[in-house]
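Protein chains: 2
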Amino acid sequence: MSGTRLDVLAIGDAVVDVIATATDDFLAAEGLTKGSMQVLDADGATRLYAQMRQARETSGGSAANTMAGVAALGGRAGFVGQVADDQLGEIFTHDIRALGVEFLTPPKSGGEPTGRCLILVTPDAQRTMNTFRGAAHELSADALDADQIRDAAILYLEAYLWRSAGPRAAMEEAMRIAHAAGRKVAFTLSDIACIKPHRAEMIAMLEAGAIDLLFANENEIRELADTPDRDAAIAAIQAKVPLLVATCGAEGALAVENGRAVRTPIARIGKGIVDTTGAGDLFAAGFLVGQAEGRGLEESLRMGSIAAAEVISHFGARPEADLKALVAAA
Amino acid sequence: MSGTRLDVLAIGDAVVDVIATATDDFLAAEGLTKGSMQVLDADGATRLYAQMRQARETSGGSAANTMAGVAALGGRAGFVGQVADDQLGEIFTHDIRALGVEFLTPPKSGGEPTGRCLILVTPDAQRTMNTFRGAAHELSADALDADQIRDAAILYLEAYLWRSAGPRAAMEEAMRIAHAAGRKVAFTLSDIACIKPHRAEMIAMLEAGAIDLLFANENEIRELADTPDRDAAIAAIQAKVPLLVATCGAEGALAVENGRAVRTPIARIGKGIVDTTGAGDLFAAGFLVGQAEGRGLEESLRMGSIAAAEVISHFGARPEADLKALVAAA
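Heads up: the protein sequence lines correspond to chains Z and Y, in order. Taking my numbering, I'd label the letters of the first sequence as residues 1 to 330. Taking my numbering, I'd label the letters of the second sequence as residues 1 to 330.
Be aware that one or more of the hints could be misleading.
For identical chains, the list gives no copy identity; a pair is met inside one copy or between any two copies.
[Unchecked claim] Below, a list of computed lysine to any residue pairs in the SDA-like style, where the Cα atoms sit at most 20 Å apart:
(1) Lys34 <-> Ala325
(2) Lys196 <-> Pro242
(3) Lys34 <-> Gln126
(4) Lys271 <-> Ala321
(5) Lys324 <-> Arg53
(6) Lys271 <-> Ser313
(7) Lys324 <-> Thr23
(8) Lys324 <-> Thr21
(9) Lys271 <-> Glu320
Treat the hints as calculated values from the structure; they're not laboratory data.
Bound-form chain Z, shown alone (with noise of 0.2 Å):
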């Protein structure tokens, strides 16, 4: 591991995941399109919710479920995001923390409730995403801890907080601290609709070195580079970051370092896949500490293909298995 205290912090949305399985036969008559992500406001949340089946809650938000992989895998984890003063904020704050994630972001009192993911898990063990980002999206810079920040071999961010201004300028305040001491700045670009409202921007911060490392899914890195083509899509952004790692759904990942690019398979755990939410969160929380742990890239996205693994192969987006144990006999 490295000379830092952590060796991860992330910034990313503070969430409850209430999961519950669902037809296509729903999806349909809600209006939703499979495996996408869709923000709603407060009524489109109760209105949702109270057409889904029974569900549980488990915590949730895409960077804090990396956090949680990188702890789990003995990684030194941070984590940064906004919940109100209420039982989901207090579910949120129990888990993460329970995890031995550091988390210090008080709690905000009179604004919006905690956020929540509705997610509909269909029969083929797609998950469709409906999120109420509530408090989550009033962090502001002034939640920030430079120390904690400057305390980080890598700062972790995640593009679902892009879109909204505040968290967005908190970010960035966030990157500069990194940079200027000498930290290094990963970034995911989260879903195809964080990315069109933003692709010159994204792109102009690749080109001014603002991010080390960036973390794409197939049809983001599409969606970012501007073309139906994956492979032209990986060659275009490949040149504009020192380190590009891209997940391909079921023909595996692969990472491009300086023009060098090594793939893996992907892993199969347990009795298949169940859920996939939370694949491309923990496949992040494995390559980052492959990473930490000064393993090669090949080792790396190894390691994130078993995080990956694991966590399809139950409901929720953390781990549930000794993630460490599962990395050791691989």
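Knowing the structure of chain Z, use the given hints to seat chain Y on it.
This is chain Y only, laid out in the frame that chain Z set:
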């Protein structure tokens, strides 16, 4: 099904379960007796929660779980229980209604928060429950709807609620309304801790004919009969109630009606036992639906065994598989 609008109406604790895995060492360090239920105050619940691992939240409550099972088996179920006007109350309300259970009790404002049950599941799949009752024990007779009680063939009561004066008064009133309308009253003994302080009163209720159907496990019936000999306990209690249903762990279950005993072995479903929470609750559900459908004791016991086997094959005390299909296949 009977000529009433509902097959079963239950009165019970309205709580959300907070389920985490735990080691035997953790139970020992916290001074907890494995398999038991203890009641916590707000401070005790906060303190224990802070020590627990990351958790998942699902709606719970013993009689509420039973009604979830009745609905999942195709029965017409209703539930009466008290939640607060808060996020956990919304979760409880959503989940029970999503299952098709009629739930009309309005949430309370300004009192205790919605109750929760901190459940520790050890590697042997045993559950140890730690309940903060909160609003659940603020239930009063005012919350009853006399017509709803008269419209249900069976009124089902849990002893967990019997320990608090307000809910006990509500249940006594409900029993009077049900019997005056010619309905049956079923009662589950819930936990040995619920019996000792009320043993004489419970025996008097049985002897007065206030209970038509009594559910118990082997520990509870020994406690009620005040004897360590299970068979002697069953013999003593069955003489005081028209229908006694007793679950005896791995030995299966038996029903005794007017001196005639019928037995059933336990059923096995899926990949084995993950979490025993809800086993008794779902056993009662299967038995009640069997009775509502006019099946005999043996078939009703068998339906209880199948419903119980499903719920212990996963985390959480509410059915996840299609119980109707499981019963049809058996």
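Tested hints:
1. Lys34 <-> Ala325: neither (33 Å within a copy, 27 Å between copies)
2. Lys196 <-> Pro242: Answer is neither; intra-copy 23 Å and inter-copy 70 Å both fail.
3. Lys34 <-> Gln126: within (7 Å within a copy, 38 Å between copies)
4. Lys271 <-> Ala321: both (13 Å within a copy, 17 Å between copies)
5. Lys324 <-> Arg53: Between copies only: 17 Å across, 34 Å inside.
6. Lys271 <-> Ser313: Cα proximity of Lys271 and Ser313: in one copy and across copies (7 Å, 14 Å).
7. Lys324 <-> Thr23: between (35 Å within a copy, 18 Å between copies)
8. Lys324 <-> Thr21: between (30 Å within a copy, 17 Å between copies)
9. Lys271 <-> Glu320: Result: close both inside a copy and across copies, 14 Å intra and 17 Å inter.
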